[in-house]
Amino acid sequence: MLSVRHLSIDYLTRRGPVHSVRDVSFDLHKGETLAVIGESGSGKTTMAVSLVRLSPRAARITAGQILYRTAEGETIDVRGLGTDELRHYRWSELAMVFQAALNAFNPVITIWEQFHDTGQAHGYGSAKKIRQRADELLRLVHLEPDRMLRAYPHELSGGMRQRILIAMSLMLEPQVVVLDEPTTALDILTQRQIIDLLGNLKKRLGFSLVFISHDLSIAAELADRVITMYAGTVVERASVQDLFYRPRHPYSVGLLRAVPRVSGELGSVESIAGSPPDLIRLPPGCTYEPRCPLRIPECREAEPALLAVDLPDHDARCIRWQAVAEQVGSSEVPVAVKAAAS
Amino acid sequence: MAATTPVQTQAGFDAGGRSTYGAARSLVGGIWGTPLVRALARGLLTTFVVVTMTFFLIRLLPGNPVDLYINQVIAETGITYAQAADQASGLFNLDLKAPLHQQYLDYLGRLVRGDLGASLLSQGTPVTTVILAFLPWTLFAVGTGLLLSFVLGIVLGLLAAYWRNSVFDTAVSSIGSLVSSVPNYLVALLLVVFLGTQFRLLPITQMRGASTPGIPPGFTPSYIGDVLFHGALPITVFFLTLIGHWILSMKSATLATLEEDYVTVARARGLADRRITSAYVGRNAILPLVTQFAIAAGYVVGGAIFVESILVYPGVGLKLYQAIQQRDYTVMQGIVLIITVSVVAANILADLLYSRLDPRIGRAGGAGG
Amino acid sequence: MSAAATPLTMARLAGPWVKVVDFLRLLSGRPIGLVGLAGVIFFVLLAFVVPFFVPYDDKVNVTAIYEAPTLAHPLGTDSSGRDVWNQIINGGRDILLVGFLAAFFSTVIAVTFGSLAATVGGRLDTAILGITDIWLTIPHLPVLIVAAAVLNLSNLLYIAAILAVLGWASLLRQIRAQVLSLRERDYVEAARSLDLGLFHIIFREILPSMRSYIVIHFIFAMTGAIYAVAGLMLLGLVPLSGINWGLMLNLANVKGAIFFKDSIWYILSPILAIALFQLSLVWLSSALEDIFNPRLRSGG
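Sequence lines, in order, name chains Y, S and A.
So for the first sequence, our numbering puts the first residue at 1; every next one is plus one.
So for the second sequence, our numbering puts the first residue at 1; every next one is plus one.
So for the third sequence, our numbering puts the first residue at 1; every next one is plus one.
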């Protein structure tokens, strides 16, 4: 479906180029849900935005490929798309749903007009046809079409707007939907609704989903595969089961231990000491090394490549992944639970 | 829902469960709440303040025009004080024998009825007639200049924002701000000096006045052409001195709008650039400028006096200047009143326009939730 | 003791200079601001300092009317053979002074009543706000013109005062808004709990953070005042005496100098003087706005 190979993106600033994305590679298969997890500054949003080539002016893709396979089996090089082709690609092949649904809509026109705009831009058909489709989509996300379409964005709550945006993203039946922090700005109850909604929609419509988050718990609910990003690069790629039960990178372990349990005792949460590295002047060795509890002198020498570990379809960027495996121990209980229990 | 009991009906409760008193109160409250009424009230108050100020300026201070006029008339014609006072009261809309506050109230009363008094110079000519002879020209010159500068200014400003830091942007922004910083009367002088005297490009003296006598007014091409010929200089001056502001305002508004999330989302939705520029960027960026436009309209009318005097263009500004020189105080008062009314009206219009254009304002409560 | 005191004193003395150097460094990133500042300094010196060395030369020389610039007369001569450059030097004082005073008074009024309204609150606040709202919509120029005509102002101080009285409204609103927002901040609470008194709170705690508004408004008020005064003088609505740029414009207009080819230097000189000074002010203030507005500064 989607193949990202060795993608590197630099931000040009006065102090020098910031290497916000470095050598990121992953694949998205048909019908799969991929979670991209990382803290802020890990480069996940920068990477996501580049998938539709909407990076800000100061950003430059310095290397890599973004390959997309259409429903007909044709492979497209996204970086090479012309203006019109790019316009068509956006939203009808890959729909990118941004984080700030609060301000995602033009405040001076109605929701209906925004649907109409989207339809018109892609030659969807007559206004009547677009209207029918909009009604259908809004009902899919459990919203009342008449009321929503007549409204202006500011008249609706954040949760409603997020759902409308999700509905709109499915309008052209894209093969891939990318969601950047779909639940961050919302309250707990709405988060629950959105997560359930996404799960249902995916089951019904069968698109491939990529979502970006710093929140591991969503990954647990929705994802099939997970990649964790740190300091601009992928540090672990695994299935969701593998990641939660059998992680092989100290950063992933750290993330898992940092997830508090809703029930249960306090005091079981550990945060990761230290802070992410400066992306302008990166250390020569592993970028996680300063904060890593398992570090050894060799870690400083060179940044490790993504190494295959003892499990199939599972890579970790760590030369000590075996030590991680030992530390994690039995693969029956999720690491997070173990951390909480200790 | 709930049926009204006989008791409720007796107490004046309507079916909605509110008393008629309560209904009346909320009706008034509703009306008061609308921006229009509040703006009108504010405008009336401002006009009232200005009218009062001018009245007392003219009436109260030592050496005030009314007394001067009376003395002048007495000196010239030798009539008695009483007779001169009578004449003055007729002209000034004042009853000089009555106490001051009475005179003031009379003045206000006449104003409300639209009676602005008569010109001191051409006795018997109502001030209203005088003003109506001159006001259209100011509105024409100022209006055209303002409109042209606005339209061209926002286009240039939008482009400057899209092509930020390009040669176009630097050129347009600098030239615009440069010309707009020079006082408008200096621009007028420079135009006259360079285009007229030095390079003899334009027949300045012939361009004075609003139209050439001999060409009958009407919607004929020759008259319209003539009017444009005479109005060219003032229109150009207003155009030049205003455009810089629109360019810079639109540029900064556009830059701010371009950074908004919904623009990025619109691009992600694959919308065409044209649609994004017009409906997503343009319509949002222009909002603050509309208010500014309306407000500017009010103020340029007030400030036209300098330009009109230099270019000898018969608008209210020039008339005000003449009235001052000729000590025609009733006309002065009248013109200041008209200018104030137009500024107030422009402000009210600005508020209304904005609340119409921006759906976030002025709607009777959103469907929030 | 004295050895230890000297570095401290040095630091205290150097303090203001350091600020000046810092400020200049900030400005150097914005060449327009530097040019503006240079222009303002130039004209201020020209109008206030140079006249001490080059007093007004009233000598009439009927044989040298409207001459072109020469070494002796760098800007030519006027209708009576007087040196134009000399007139320019001596003619700036009145206008700049009125501009400065008007801006100063209006700033004082705005700051005083704005902070008062915000700190005291309640009925006083509502009253002041109401007056300000109405004052904002009053058309300054016509009222000023009528006042000038009716009152026959000969002393420029009165003109400055009237300009100030007309122009305080917009700054007052800004000051009030700022003070309102700052009132809730911690250091104000601290000052209040220390019972430091109203004036102390206003002047020492709150005002320094509003420097930017005040300075920019000051410059803006100055441009407005100069525009009004020069215009009034041009039209002869203000009794003129001595020599100033406005008077030069007036004479040029009245004596028809704008229609003679030769007199171009006479008419151009005051125009350029006023225009260039206004430009310098505008450039300086836009550079300052740039500096004070962090969003614009960080934007790429």
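Simulated from the structure, these hints should not be mistaken for lab results.
Cβ coordinates follow ideal geometry from the N, Cα and C atoms, glycine included.
Each hint should be verified, as a subset may be incorrect.
[Said to hold, decoys possible] Reference excerpt, derived from the structure (chain Y facing chain S, CB under 7 Å, subset only):
#1 LEU54
#2 TRP91
#3 LEU140
#4 HIS142
Y:LEU140 as chain S interface residue, shortest Cβ-Cβ below 7 Å: Violated. Min distance 18 Å.
Hint check: 7 Å Cβ-Cβ cutoff, Y:HIS142 to chain S: Interface hint status for Y:HIS142: violated (15 Å vs cutoff 7 Å).
Status of the hint placing Y:LEU54 at chain S (closest C-beta pair under 7 Å): Check passed: Cβ of Y:LEU54 comes within 6 Å of chain S, closer than 7 Å.
Restraint satisfaction for Y:TRP91 [CB to CB of chain S, less than 7 Å]: Result: holds, 4 Å to nearest chain S Cβ.
Violated hints, listed in ascending order, are 3 and 4; each of the other numbered hints is respected by the structure.
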